[in-house]
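Visitor: Take the sequence shown: its letter number 176 is residue 175 in numbering that gives the first Met the number 0, and every next letter is one higher.
Heads up, some of the hints might be wrong.
[As the list claims (entries may be wrong)] In silico DSBU-like cross-links for lysine-lysine, where the CA-CA straight-line distance does not exceed 35 Å:
#1 Lys308 - Lys346
#2 Lys324 - Lys308
#3 Lys37 - Lys216
#4 Lys216 - Lys244
#5 Lys308 - Lys112
#6 Lys216 - Lys189
#7 Lys346 - Lys449
#8 Lys244 - Lys346
#9 Lys243 - Lys346
#10 Lys189 - Lys243
#11 Lys324 - Lys216
#12 Lys244 - Lys189
#13 Lys301 - Lys324
#14 Lys308 - Lys243
#15 Lys216 - Lys431
#16 Lys216 - Lys112
#17 Lys301 - Lys431
#18 Lys301 - Lys449
#19 Lys3 - Lys112
#20 Lys449 - Lys308
#21 Lys324 - Lys346
#22 Lys301 - Lys216
#23 Lys36 - Lys112
#24 Lys301 - Lys3
#25 Lys3 - Lys308
[Unchecked claim] Simulated DEER-style distance windows between Cβ atoms:
#26 Gln373 - Gly439: 40 to 48 Å
#27 Ile21 - Val171: 39 to 47 Å
#28 Gln150 - Val98: 15 to 23 Å
#29 Lys112 - Leu45: 14 to 22 Å
#30 Ser316 - Lys431: 26 to 34 Å
Just so you know, the hints here were simulated from the structure itself, not pulled from any lab data. Keep in mind that this is a model prediction, so the values were computed, not measured. Virtual Cβ for every residue (Gly too), placed ideally from N, Cα, C.
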Amino acid sequence: MKQKINLYLSLIALVAVLSTTIGITLVYYSLFQTQVKKDLALYTRLLADTGVFQSAYAGTEDVNAYVENAALIELKRDNPRITWISGDGTVLYDNGTDVSNLANHLDRPEIRKAIETGSGETVRRSDTFNLNTFYYALQLEDGTILRTSAQASSISNVFVSSLPVIFGICAVFLVICITLGHFLSLQLLKPLNVMAEHLDSPMKTTVYRELQPFADKIRTQHENILEAASVRQDFTANISHELKKPLTAISGYSELIETGMVSGDQIPHIAAQIHHNSNRLLSLINDIIRLSELDHKELPRKFAPADLKTIAENCSSNLRVSAEKHHLSLSCQCRSAVLSADSDLLKELLENLIQNAIQYNRENGFIVVRTGLQDGCPFLSVQDSGIGIPRSERERIFERFYRIDKSRSRETGGTGLGLAIVKHIAEIHDAKITVDSEVGQGTCITVLFKASAPGNQNPSAI
């Protein structure tokens with residue numbers, strides 16, 4: 000980046016020098032041409048006003064008499080070049096060469112224009128000498144034409160002659176730009192380098208205001224990457240720990256059977272333990288696979304109009320037997336609430352909430368499932384009379400493998416992934432989860448969805 004800044008500054012300096020030189024040269028050469036034309040016109044008119052050519056003519060047609068005139072001889076020493084031409088184009092006098100060698104000038108543009116309008120001017124370029132010749136012609140009272148001319152370098156010649164100066168200026172500017180570019184790039188990149196070195200902590204130095212959104216986004220992405228890496232590391236450690244326990248139990252019990260260290264009356268108990276741990280291992284693997292699928296939010300979802308009441312009634316019916324085994328009552332107080340959703344995912348979400356309520360409930364407790372509209376938004380909730388959740392742990396219950404009562408989870412066979420699955424499904428539906436709980440008094444988990452279509456709203460909410 001430093002090299003690019005130096006390169007761009009050098010290119011800008013070179014372009015600026017060249018364009019400025021060309022522009023100034025064109026402007027001043029144009030002014031120079033205008034001034035040369037004005038000087039020639041003034042000089043020619045002053046020369047005509049002296050009357051030297053009229054006195055030289057003196058009423059005779061002897062051409063040699065013009066040349067021998069003392070006043071015209073003096074003009075030969077002057078610059079610019081002076082040419083005196085008769086009305087028919089014959090050169091009568093020229094202070095730069097012998098008139099006998101000059102052709103008729105009637106076809107010259109400045110002469111023809113002078114005859115037509117009284118004065119004429121033109122510029123002719125000499126490619127041989129790379130010069131421009133400026134001509135001004137004035138018709139005198141006696142019908143003769145007085146013409147003056149001056150030579151000046153062409154604009155290309157001016158450029159060529161100024162090239163050493165231009166190269167010198169470019170070299171000086173190039174050195175200045177490289178030097179300034181070096182220090183400028185250091186100053187420009189310093190905040191970025193500091194930001195890159197301190198991505199883990201808030202910036203202590205001020206970055207450019209224009210780069211603040213970019214810096215915030217980079218820092219946020221870096222924090223997300225670190226957080227994801229930490230979660231992945233924790234997940235790997237937790238899953239290894241969780242998988243190891245049932246596998247160790249299965250391996251231990253099967254080894255006892257293999258070595259014949261158990262009596263016949265112990266085999267049913269050992270077989271039951273192997274079966275229990277196998278089921279636990281299978282449930283754990285299924286939940287891990289399910290979480291992996293839910294993590295891929297780009298996978299297509301089957302969104303369609305769904306009624307939360309129907310889903311809640313079906314889930315409650317399917318899990319009522321499980322609740323009764325734990326001596327719990329499971330009731331459904333549901334009202335219609337239609338929304339666009341993936342019915343299978345909502346069913347899975349509600350089943351996990353109910354199973355979690357069964358797992359952490361008290362004997363002879365209750366579970367109530369509710370659905371309906373709250374401020375025009377569909378919702379579902381699961382309330383239990385269980386052990387409750389301490390306020391300090393409410394934010395962590397949706398973490399993978401996090402358990403409030405670890406011994407109770409082991410006994411009931413929980414995998415510790417149920418609420419993590421609930422969180423993922425809620426995020427897919429852009430829903431909000433709230434937890435209302437008191438230790439020893441139970442918990443109520445509510446999932447609030449975004450407002451449904453106006454036609455689906457029911458003012459008779461809870």
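Visitor: Would you mind marking each hint as holding or not holding in the structure?
Guide: Each hint tested on the structure:
| no. | hint | verdict |
| --- | --- | --- |
| 1 | Lys308 - Lys346 | 11 Å, holds |
| 2 | Lys324 - Lys308 | 25 Å, holds |
| 3 | Lys37 - Lys216 | 67 Å, violated |
| 4 | Lys216 - Lys244 | 42 Å, violated |
| 5 | Lys308 - Lys112 | 104 Å, violated |
| 6 | Lys216 - Lys189 | 19 Å, holds |
| 7 | Lys346 - Lys449 | 18 Å, holds |
| 8 | Lys244 - Lys346 | 30 Å, holds |
| 9 | Lys243 - Lys346 | 30 Å, holds |
| 10 | Lys189 - Lys243 | 50 Å, violated |
| 11 | Lys324 - Lys216 | 52 Å, violated |
| 12 | Lys244 - Lys189 | 53 Å, violated |
| 13 | Lys301 - Lys324 | 34 Å, holds |
| 14 | Lys308 - Lys243 | 40 Å, violated |
| 15 | Lys216 - Lys431 | 25 Å, holds |
| 16 | Lys216 - Lys112 | 75 Å, violated |
| 17 | Lys301 - Lys431 | 20 Å, holds |
| 18 | Lys301 - Lys449 | 18 Å, holds |
| 19 | Lys3 - Lys112 | 59 Å, violated |
| 20 | Lys449 - Lys308 | 16 Å, holds |
| 21 | Lys324 - Lys346 | 21 Å, holds |
| 22 | Lys301 - Lys216 | 33 Å, holds |
| 23 | Lys36 - Lys112 | 15 Å, holds |
| 24 | Lys301 - Lys3 | 51 Å, violated |
| 25 | Lys3 - Lys308 | 64 Å, violated |
| 26 | Gln373 - Gly439: 40 to 48 Å | 27 Å, violated |
| 27 | Ile21 - Val171: 39 to 47 Å | 18 Å, violated |
| 28 | Gln150 - Val98: 15 to 23 Å | 20 Å, holds |
| 29 | Lys112 - Leu45: 14 to 22 Å | 20 Å, holds |
| 30 | Ser316 - Lys431: 26 to 34 Å | 27 Å, holds |
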